[in-house]
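There are 2 protein chains.
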Amino acid sequence: MTMATPRNNQAIVLHSGGQDSTTCLAWALKKFEKVHMISFDYGQRHKRELKAAKTIAKKLNLTHETIKLPFLSQLTSNALTDKTIKVKAGSKNELPSTFVEGRNMVFLATAAIYAKQKGIPNLVIGVCQTDYSGYPDCRDDFIKSIEKTLQLAMEFPFKVHTPLMFLTKAETVQMMQKLGSLELLKYTHTCYEGRELACGLCPACKLRLKGFRMAKVKDPIKYESKTLPRK
Amino acid sequence: MTMATPRNNQAIVLHSGGQDSTTCLAWALKKFEKVHMISFDYGQRHKRELKAAKTIAKKLNLTHETIKLPFLSQLTSNALTDKTIKVKAGSKNELPSTFVEGRNMVFLATAAIYAKQKGIPNLVIGVCQTDYSGYPDCRDDFIKSIEKTLQLAMEFPFKVHTPLMFLTKAETVQMMQKLGSLELLKYTHTCYEGRELACGLCPACKLRLKGFRMAKVKDPIKYESKTLPRK
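Same order as they appear, the protein sequences are chains A and B.
The letter at position 194 of the first sequence is residue 194 when you use this note's numbering, and the numbering goes up by one with no holes.
The letter at position 131 of the second sequence is residue 131 when you use this note's numbering, and the numbering goes up by one with no holes.
Isolated chain A (complex conformation) (with noise of 0.2 Å):
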């Protein structure tokens, strides 16, 4: 096995199907020559997010590799993985209960291993620490650690972009208006239930409504619900 050659045009991008990981996506096709999406499969609920990033892998001509980890919803108990518990938010002691513990990590060593096959040193990924919901693994901090011990782990020079990191929601849609790729989000899934359309209820379709409301821009993607929360 010889070393590989960084090949710093090229990266790939971390995709769950969402808004946040499309606008990465976006973003990333602006600033490398080269762009390949990673997706994974943990058992999640909402694997309709699945669909969705195969679609825009498909839309965009891009290759997509979608790698499963089931030991993830083994090892978690968690709303998104278990149809038995409720998908609610966190209050100010407790973790959201679609919290999977450890989840970027664990996408982030997976993703490097398949990166530095390719000789690729570019990792995007579509963190937010603004509103982050309590997740740990969505801050700077973490990602600034994480990027050294991958460096460390496989000797390569990775390097994690987090273009989304300090940005609101709202933030977020106007960036997408401004790459020019506002028609890529019909695409995306980011409802929790999981079912076809996205429910407009849930905590996640709460806070996507929100930024497109402050950011005075259009969803346009179709709702289940006819009265959507207005704030």
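Watch out, some of these pointers could steer you wrong.
If chains are identical, the list can't say which one is meant, so a pair holds when it fits in one copy or spans any two.
Derived lysine to any residue pairs resembling SDA-like cross-links, with alpha carbons at most 20 Å apart [to be verified]:
| no. | residue 1 | residue 2 |
| --- | --- | --- |
| 1 | LYS148 | CYS199 |
| 2 | LYS30 | GLY180 |
| 3 | LYS148 | GLY134 |
| 4 | LYS47 | PRO6 |
| 5 | LYS118 | PHE71 |
| 6 | LYS118 | HIS161 |
| 7 | LYS59 | GLU155 |
| 8 | LYS68 | TYR42 |
| 9 | LYS58 | ALA215 |
| 10 | LYS118 | SER73 |
| 11 | LYS186 | TYR223 |
| 12 | LYS118 | PRO136 |
| 13 | LYS47 | PHE71 |
| 14 | LYS68 | ASP41 |
| 15 | LYS159 | ASP141 |
| 16 | LYS118 | GLN74 |
| 17 | LYS34 | GLN174 |
| 18 | LYS51 | GLU171 |
| 19 | LYS148 | GLN129 |
| 20 | LYS144 | TYR187 |
| 21 | LYS54 | PRO203 |
| 22 | LYS178 | GLY18 |
| 23 | LYS118 | THR168 |
| 24 | LYS51 | CYS199 |
| 25 | LYS216 | GLU171 |
| 26 | LYS144 | PHE156 |
| 27 | LYS210 | TYR42 |
Source of the hints: derived by calculation from the structure; they are not laboratory data.
Following the hints, complete the assembly by docking chain B onto the known chain A.
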């Protein structure tokens, strides 16, 4: 989901069924009140090791979880998971053909998720910088970095213990002798070839035999080869 209070008197030992992790296990049993074992099935050629881990857990009456990580062998090409690649030692510019890129990183991340669920902050792993055979994720700077990454990812005071980090193979044998647990090594499996008996000739067997020879201790396992290497 409420935050777990750390159980500082308990530890999880990452156990491959081999000599090093069994030495770590003996070390942990002296240091902590309660010890659990975790093993990983990643499609390795030497699955015989997993059987050894199970035997040891049973002998010591310890909780033992085996986690399947099939994506590791899907993502990397190497002699441990691909039987078409010959096992060979590394040279100056090449990693050994048995290297699974990022393996210890994924093992530690997965073990940490499991440990957090049980409220256990202590992880014990048998990595060793002294004769690390070119694996970057066996080194102390990697361990220090991932320890911090794990803490940040899950907001939990993880501690990664590496009792063998600066020992030679001979000193590892001597540590086991001092711990009074030499007979436990009878159940371990180190050979990469994955047959019932160790071959005695592959790089892993050679390294093991050298350690025992230098420590002037007899290796309690049986070997296939009648003529074992003398240096």
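Results of checking the hints against the structure:
Within a single copy, LYS148 and CYS199 get their C-alpha atoms no closer than 39 Å, and across copies no closer than 38 Å, so neither meets the 20 Å cut-off. Within a single copy, LYS30 and GLY180 get their C-alpha atoms as close as 11 Å, which meets the 20 Å cut-off; across copies the closest is 62 Å, which misses it. Only between protomers do LYS148 and GLY134 lie at most 20 Å apart by alpha-carbon distance; the minimum there is 19 Å, versus 23 Å within a single protomer. For the identical chains of this complex, LYS47 and PRO6 are neighbours neither inside a copy (33 Å) nor across copies (33 Å), given an alpha-carbon limit of 20 Å.
In this homomeric assembly, LYS118 and PHE71 come within 20 Å of each other (Cα to Cα) only across copies, at 16 Å, whereas the closest approach inside a single copy is 25 Å. Proximity of LYS118 to HIS161 under the C-alpha cut-off of 20 Å is restricted to the intra-copy arrangement: shortest distance 18 Å within a copy versus 32 Å between copies. When the C-alpha separation of LYS59 and GLU155 is checked against a cutoff of 20 Å, the pair qualifies neither within a copy, at 35 Å, nor between copies, at 39 Å. Taking the closest pair of Cα atoms, LYS68 and TYR42 come within 20 Å of each other both inside a single copy (6 Å) and across two copies (13 Å).
Taking the shortest Cα distances, LYS58 and ALA215 never come within 20 Å of each other, neither inside one copy (28 Å) nor across copies (60 Å). Taking the closest pair of Cα atoms, LYS118 and SER73 come within 20 Å of each other only across two copies (15 Å); inside a single copy the shortest separation is 28 Å, beyond that limit. In this assembly of identical chains, the alpha carbons of LYS186 and TYR223 lie at most 20 Å apart only when taken from the same copy (12 Å versus 63 Å across copies). Taking the shortest Cα distances, LYS118 and PRO136 sit within 20 Å of each other only across copies (19 Å), while inside one copy they are farther apart (29 Å).
With identical chains, the CA atoms of LYS47 and PHE71 are at most 20 Å apart both within one copy (16 Å) and between copies (19 Å). In this homomeric assembly, LYS68 and ASP41 come within 20 Å of each other (Cα to Cα) both inside a single copy, at 5 Å, and across copies, at 14 Å. For the homomeric pair LYS159 and ASP141, the shortest alpha-carbon distances inside one copy (14 Å) and between copies (18 Å) are both at most 20 Å. With identical chains, the CA atoms of LYS118 and GLN74 are at most 20 Å apart between copies only, with a shortest distance of 13 Å across copies and 29 Å within one.
In this assembly of identical chains, the alpha carbons of LYS34 and GLN174 never lie at most 20 Å apart, being 24 Å within a copy and 53 Å across copies at closest. Taking the closest pair of Cα atoms, LYS51 and GLU171 never come within 20 Å of each other, the shortest separation being 26 Å inside a single copy and 54 Å across copies. Taking the shortest alpha-carbon separations for LYS148 and GLN129, both the intra-copy value of 19 Å and the inter-copy value of 18 Å come in at or below 20 Å. Taking the shortest alpha-carbon separations for LYS144 and TYR187, neither the intra-copy value of 31 Å nor the inter-copy value of 41 Å comes in at or below 20 Å.
Within a single copy, LYS54 and PRO203 get their C-alpha atoms no closer than 24 Å, and across copies no closer than 43 Å, so neither meets the 20 Å cut-off. Taking the shortest Cα distances, LYS178 and GLY18 sit within 20 Å of each other inside one copy (19 Å), while across copies they are farther apart (56 Å). Within a single copy, LYS118 and THR168 get their C-alpha atoms no closer than 33 Å, and across copies no closer than 35 Å, so neither meets the 20 Å cut-off. Taking the closest pair of Cα atoms, LYS51 and CYS199 come within 20 Å of each other only inside a single copy of the chain (17 Å); across copies the shortest separation is 48 Å, beyond that limit.
Proximity of LYS216 to GLU171 under the C-alpha cut-off of 20 Å is restricted to the intra-copy arrangement: shortest distance 11 Å within a copy versus 67 Å between copies. For the identical chains of this complex, LYS144 and PHE156 are neighbours both inside a copy (15 Å) and across copies (17 Å), given an alpha-carbon limit of 20 Å. In this homomeric assembly, LYS210 and TYR42 never come within 20 Å of each other (Cα to Cα): the closest approach is 28 Å inside a single copy and 43 Å across copies.
When held up to the earlier numbered hints, the structure conflicts with 1, 4, 7, 9, 17, 18, 20, 21, 23, 27 and fits the remainder.
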